[in-house]
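K.L.:
With chain X fixed as given, assemble chain F onto it according to the hints.
Listed below are the residues making up each chain.
Protein chains: 2
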Amino acid sequence: MSFGLDNLPYGVFSVDGGKPRVGVRLEDQVLDLAPLLGDDVFREPTLNPFMARGRGAWRATRGRVQDLLADDRGAEHLIPLDRVRLHLPIDVADYVDFYASLEHASNLGRMFRPDEEPLKPNWRHLPVGYHGRAGTVVVSGTEIRRPCGQRPSFGPSAKLDIEAEVGFVVGAGSELCRPAGAFDEHVFGVVLVNDWSARDIQAWEYVPLGPFLGKSFATSISAWVTPLDALDHARVGGREQDPAPLDYLRRNAEWGLDLALEVRLNGEVVSTPPYRDMYWTPDQMLAHMTVNGASLRTGDLYASGTVSGEDSPGSLIELTWNGARPMKSGQSFLEDGDEVTITATTPSGLSLGEVTGRILPATVR
Amino acid sequence: MSFGLDNLPYGVFSVDGGKPRVGVRLEDQVLDLAPLLGDDVFREPTLNPFMARGRGAWRATRGRVQDLLADDRGAEHLIPLDRVRLHLPIDVADYVDFYASLEHASNLGRMFRPDEEPLKPNWRHLPVGYHGRAGTVVVSGTEIRRPCGQRPSFGPSAKLDIEAEVGFVVGAGSELCRPAGAFDEHVFGVVLVNDWSARDIQAWEYVPLGPFLGKSFATSISAWVTPLDALDHARVGGREQDPAPLDYLRRNAEWGLDLALEVRLNGEVVSTPPYRDMYWTPDQMLAHMTVNGASLRTGDLYASGTVSGEDSPGSLIELTWNGARPMKSGQSFLEDGDEVTITATTPSGLSLGEVTGRILPATVR
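Residue numbers (full-length UniProt numbering), protein chains in the order written: chain X, 1 to 365; chain F, 1 to 365.
These are calculated hints, taken from the structure and not from any lab test. Any given hint could be a false lead.
No distinction is drawn between identical chains; accordingly, a pair holds when it is met within one copy or between any pair of copies.
Once the Cα atoms are required to be at most 20 Å apart in a straight line, the calculated SDA-like pairs of lysine to any residue come out as [unchecked claim]:
#1 K120 x A203
#2 K159 x N122
#3 K328 x F154
#4 K120 x G109
#5 K19 x R43
#6 K159 x R264
#7 K120 x F154
#8 K120 x V207
#9 K19 x D242
#10 K120 x S153
#11 K19 x N48
#12 K159 x Q331
#13 K159 x A203
#14 K159 x G330
#15 K328 x D311
#16 K328 x E27
#17 K19 x A182
#18 K19 x D82
#19 K159 x A253
Okay, chain X solo, but in the shape it has when bound:
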């Protein structure tokens, strides 16, 4: 079942303009946790205070909710999804975006730097990543205004694109200058991410300090955070790595995830990127991000980078080869009014929900 007892993702909802609070999704309903469990942490408007309690609390809560629902206690606290409004589930602390797909990094290298080796010399030695703008992370369904900027002449982006990604939400932080613990001690759960990208703005601005305005106008995440514990059956070893990574990046457990993504443009599937084939796994990203002594905070979000398989890229710039091979619709990038929806499922059919957004025309400034 997509949203059955084995799933139970967390989100933040409100009813009739009331105060946002924490719920769990069961099929097409939201379980109102605060009254069910008698715990005020679920009356908070984000998951952060609950997530800060750590892995023991996450497991205990999930177990209790499963028990109650299995016994049919809780029915009075179920609210139909179509009666609620969903909000950004987390207060995002720092947002980091990685670049973990070999196919994506190679494709982008070929297009942005045609005269060079597609992969930079560091790429197979560390998960390349950078910080994005936490303040413009928005919940699925938020409309996305086409950004303006230097392309290099000034105007609305003519190459507005998507990046289909998988994101990891840090629940339990770590101290500055102390080594972080295991991946599942810190990471609470998984979201789907659309890292909207204005390719023309990005191509002009990104040297030498990386993407900035080409990405910072908006990043959408799914309204439901799937707990790591729901994904045990989807765990896989992760792609073979050559050269073998340094000690601190060695995989101590299987944290690859077998997630099948689908990207829909105006309802039509345009790509089906396989997350399981990513070169760098999320435990490696966490180890890398903290190896210099950087701390983690509750609410940190880090994303995989575009999930691209060999014939199933997670961005339009790859799908249409920067406009050289338009889609059937004739278009190569996003047009005003376009709606993009990214979904993902596990091998057992568990759904990670969706991240969706529609493009609004640029504001003339």
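P.N.:
Below, chain F without anything else, positioned relative to chain X:
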């Protein structure tokens, strides 16, 4: 006077392990604002709630404090600086670092990319910038642990460096997809910044997405935030720009600042970078950062990038030309136990306080 009635920077302090609260510095004392003004916003542990009130409130509060102090009312709420502990004054939302010095960008270009033009083609057209890690911004005085990482072999950074910068604290935010207002509507004040940098880690990791672990282990800011209103007499037109910037980057007011920085290494002045000669001014940075529709939040911090004059660079990599010309002490980068202090003054002798930090040895991991 350095910290007289014309200065009055804001900070967060505590006494005897008590709760941190907001104060204003007068000479070598802290004025305890909450009891003086009878306003609980100053009992908060960061400046954010006060800053969120906006420019009208900032000016009114400053005027009232100046009046009270001039009339000698307030003496009972002055606490000697040596009795208080200073804390990180703001809850940092997003942290952006620019690259606004022509000399710094040219110098780094020559060292990192010796076979190319020092400046990338975009540099004179937009203030190049990127997001840094907000969660590792620390207050002046915090000890800095030497980071480990790939250099590309794994180990403690052997090229630990400083970057002397001027930072701008956003007090009043702006809405997503709405144009931001004037610089002084949003920016509350100025801090000094030391953007610690591990050059060996940075050089290996930074292509193609920019600096990450080479910077994210720590960024220090001064404990005192100088209100923009205290800096009126230091305003200058800003360096001439060629080519003329695009409309949205046109300067509508003089927001260059005549600040004389001093960088001390273990007590000895090693450089005196002039902020007034920076190519891009902070109003231009704010306009650029938001032109794509990105919102500002209370607590956003953006920094100028290294302040380097022709013969007075704000980093050791420039001062020693990446080790080719060691300092008198024989060293080229930071050694364990080194203490770096950055200060700045205006033409009238007003002090912007200091940002200081001492290097702790790497933890063997």
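K.L.:
Next step is simple, just say for each hint if it's right about the structure.
P.N.:
The hints, checked one at a time:
Within a single copy, K120 and A203 get their C-alpha atoms as close as 17 Å, and across copies as close as 12 Å, so both meet the 20 Å cut-off. When the C-alpha separation of K159 and N122 is checked against a cutoff of 20 Å, the pair qualifies only between copies, where the shortest distance is 19 Å, while the shortest distance within a copy is 28 Å. Taking CA atoms no more than 20 Å apart as the test, K328 paired with F154 passes in neither setting, with 29 Å inside one copy and 48 Å between copies. Taking the closest pair of Cα atoms, K120 and G109 come within 20 Å of each other both inside a single copy (8 Å) and across two copies (18 Å).
Only within a single protomer do K19 and R43 lie at most 20 Å apart by alpha-carbon distance; the minimum there is 8 Å, versus 26 Å between protomers. In this assembly of identical chains, the alpha carbons of K159 and R264 lie at most 20 Å apart only when taken from the same copy (18 Å versus 47 Å across copies). Proximity of K120 and F154 under a CA criterion of 20 Å is satisfied inter-copy only: 19 Å between copies versus 30 Å inside one chain copy. In this homomeric assembly, K120 and V207 come within 20 Å of each other (Cα to Cα) both inside a single copy, at 14 Å, and across copies, at 7 Å.
Taking the shortest alpha-carbon separations for K19 and D242, neither the intra-copy value of 51 Å nor the inter-copy value of 52 Å comes in at or below 20 Å. Within a single copy, K120 and S153 get their C-alpha atoms only as close as 29 Å, which misses the 20 Å cut-off; across copies the closest is 17 Å, which meets it. For the identical chains of this complex, K19 and N48 are intra-copy neighbours only, at 16 Å inside a copy versus 23 Å across copies, given an alpha-carbon limit of 20 Å. In this assembly of identical chains, K159 and Q331 lie within 20 Å of each other by CA distance solely inside one copy; the values are 10 Å within and 48 Å between copies.
For a Cα distance limit of 20 Å, the shortest separation of K159 from A203 inside one copy, 10 Å, qualifies, whereas the shortest one across copies, 30 Å, does not. In this assembly of identical chains, the alpha carbons of K159 and G330 lie at most 20 Å apart only when taken from the same copy (14 Å versus 52 Å across copies). Within a single copy, K328 and D311 get their C-alpha atoms as close as 16 Å, which meets the 20 Å cut-off; across copies the closest is 58 Å, which misses it. For the homomeric pair K328 and E27, neither the shortest alpha-carbon distance inside one copy (35 Å) nor that between copies (70 Å) is at most 20 Å.
In this homomeric assembly, K19 and A182 never come within 20 Å of each other (Cα to Cα): the closest approach is 35 Å inside a single copy and 33 Å across copies. Taking CA atoms no more than 20 Å apart as the test, K19 paired with D82 passes inside one copy only; the shortest distance there is 17 Å, against 45 Å between copies. For the homomeric pair K159 and A253, neither the shortest alpha-carbon distance inside one copy (40 Å) nor that between copies (34 Å) is at most 20 Å.
The structure fails hints 3, 9, 16, 17, 19 (numbered hints given earlier, in ascending order).
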